[in-house]
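Undergrad: First to last, the protein sequences are chains G and W.
So for the first sequence, my numbering puts the first residue at 1; every next one is plus one.
So for the second sequence, my numbering puts the first residue at 1; every next one is plus one.
One or more hints might be untrue.
[Said to hold, decoys possible] Computed list of lysine-lysine pairs in DSSO-like fashion (alpha-carbon distance at most 27 Å, straight line):
#1 W:K93 with G:K145
#2 W:K22 with G:K200
#3 W:K22 with G:K125
[Claimed, not checked] Calculated Cβ distances over 12 Å to all of chain W for the following chain G residues:
#4 W69
#5 P122
#6 N148
#7 M151
#8 N272
In short, the hints are calculated from the structure, not lab data.
If you're wondering where the values come from, they're calculated on a predicted model, not measured in any experiment.
We put the CB at the ideal spot given by N, CA and C, even for glycine.
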Amino acid sequence: MAENTEKKELWRWLEARWTNPDIDWKQGKIVSAGIDVGSVSTQCVVMVDGDLYCYSSLRSGSGSVDSAWRGSNRALEGTGMTVDDWHYCVGTGYGRVNVPMSKRAITEIACHGRGANWMYGPQVKTILDMGGQDCKVIRVDEKGKVTNFAMNDKCAAGAGRGMEVFADFVGVSINDVGDKSFEIDEEPKPVSSTCVIFAKSEAAGLLKEGWQVSKVLAAYCSAMAHRVWELMVRVGIEPELSITGGIAKNRGVVERLEKEIGMKFQEKKWHNPDYIKRNYPFDTQIAGAIGGALFAKALAEKGKA
Amino acid sequence: MLANWGYQDGSGVYFITIDTDKCNGCRECIEACPQRVFEVGEDPADPLREEPVAFVVDEQRRKLRFACSPCKKYLTAEGGSAASRTPAELLAKELKNLPCVAACERGAITHSW
Numbered sequence: 001m002a003e004n005t006e007k008k009e010l011w012r013w014l015e016a017r018w019t020n021p022d023i024d025w026k027q028g029k030i031v032s033a034g035i036d037v038g039s040v041s042t043q044c045v046v047m048v049d050g051d052l053y054c055y056s057s058l059r060s061g062s063g064s065v066d067s068a069w070r071g072s073n074r075a076l077e078g079t080g081m082t083v084d085d086w087h088y089c090v091g092t093g094y095g096r097v098n099v100p101m102s103k104r105a106i107t108e109i110a111c112h113g114r115g116a117n118w119m120y121g122p123q124v125k126t127i128l129d130m131g132g133q134d135c136k137v138i139r140v141d142e143k144g145k146v147t148n149f150a151m152n153d154k155c156a157a158g159a160g161r162g163m164e165v166f167a168d169f170v171g172v173s174i175n176d177v178g179d180k181s182f183e184i185d186e187e188p189k190p191v192s193s194t195c196v197i198f199a200k201s202e203a204a205g206l207l208k209e210g211w212q213v214s215k216v217l218a219a220y221c222s223a224m225a226h227r228v229w230e231l232m233v234r235v236g237i238e239p240e241l242s243i244t245g246g247i248a249k250n251r252g253v254v255e256r257l258e259k260e261i262g263m264k265f266q267e268k269k270w271h272n273p274d275y276i277k278r279n280y281p282f283d284t285q286i287a288g289a290i291g292g293a294l295f296a297k298a299l300a301e302k303g304k305a
Numbered sequence: 001m002l003a004n005w006g007y008q009d010g011s012g013v014y015f016i017t018i019d020t021d022k023c024n025g026c027r028e029c030i031e032a033c034p035q036r037v038f039e040v041g042e043d044p045a046d047p048l049r050e051e052p053v054a055f056v057v058d059e060q061r062r063k064l065r066f067a068c069s070p071c072k073k074y075l076t077a078e079g080g081s082a083a084s085r086t087p088a089e090l091l092a093k094e095l096k097n098l099p100c101v102a103a104c105e106r107g108a109i110t111h112s113w
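Chain G on its own, in the form it takes in the complex:
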């Protein structure tokens, strides 16, 4: 491949922030927050009386403390709120023990179960979270309580970081990987390597053989889909299914996974009809932080009682 003279950050996914225009937080009784410091991304969600008030989704820095501060400052931008106005804050994710403003750390398993249940609704029984450096399959009951889970965090191959590395390697923006992986005549065999490093050299070989970039992407996406499927089978797949995390935004993986399972994931939209009507943004990356904020609310109420 020709060398890239222009240094583009192809792995860079879109950061986000949002404030709910319909809430005056000063009228609220309980302000709860969840901060999900992941290995790749950090999200901060603030809820007022259990309603989504504002959130941010940023790239994690090198330190969890710094990431937590950047996440919360960004979420609170323009709201007039400070972290001192929070009644309770829960830290979750990989860096959960290093969230300075949190009163308690809760694992991402519990938070994702609760968060996805709240976002998608009680009909969701199986949640697949594809994070930056791990992949989790969580079964929940209708209240969002975890009944069965498994996580693979041993390597990044079936996770977002692996996709970032791969996108960068083949020179395609990570936001276009999904669409681009379908610009093919026929579906290639998945890359055989389960490790990102080996998959990368395998891809280099395929490109050298004259494979088009889109075909190589297809082979990588289906390998990732298959890896995740194995983990889902272990825990058991009970409909409805929902997907959270960054990879949820990559249809190259999601649609191939649906084909392998023979079931569709729930449409990415709010359970709360009011939220749909008001057109609140639905971001699969904030599920963990939402769960954190919901636990924070529960714990704040428990503390008061």
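Following the hints, complete the assembly by docking chain W onto the known chain G.
TA: Chain W only, in chain G's frame:
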């Protein structure tokens, strides 16, 4: 809840499953395990649960295959290193005899390999 602690990689599937509905937090598994794989405390996957529960400690989770190998002599003695190559009957019998599994009165612990 079935808590599956462990991982899966190119060499096999290594999960210890703890049924938290059966576990009463008696700590027998901690004593039984020569490798200190278990801990008992606040449920990592259910923050609202009041009673302590057993789980696999963080340091061991990503290397269970090796942490548990001293108790799994059957894998190498009879059927090669992979669980899939061990005769099913033998595997089923041996899995019941593992110190942690035998120590758990409630039968809350199971191994996948």
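Undergrad: Each hint: holds or not?
TA: Structure-based check of each hint:
The hinted pair formed by K93 of chain W and K145 of chain G fails the criterion: a straight-line CA distance of about 33 Å is larger than 27 Å. Among the hinted pairs, K22 of chain W with K200 of chain G is inconsistent with the structure: their alpha-carbon atoms are about 44 Å apart, more than 27 Å. Restraint check for K22 of chain W and K125 of chain G: satisfied, since their Cα atoms lie roughly 22 Å apart, inside the 27 Å limit. Distance check on W69 of chain G: its Cβ is at least 23 Å (rounded) from any Cβ of chain W, clearing the 12 Å threshold; non-interface status holds.
The beta carbon of P122 of chain G is kept farther than 12 Å from every beta carbon of chain W, the shortest such distance being approximately 17 Å. The claim that N148 of chain G lies off the interface is violated: its Cβ sits roughly 4 Å from the closest Cβ of chain W, which falls inside the 12 Å cut-off. The beta carbon of M151 of chain G sits about 8 Å from the closest Cβ of chain W, which is not more than 12 Å, so the claim that it is off the interface is violated. Remark: the non-interface label on N272 of chain G is consistent with the geometry, its nearest Cβ contact in chain W lying 22 Å away (cut-off 12 Å).
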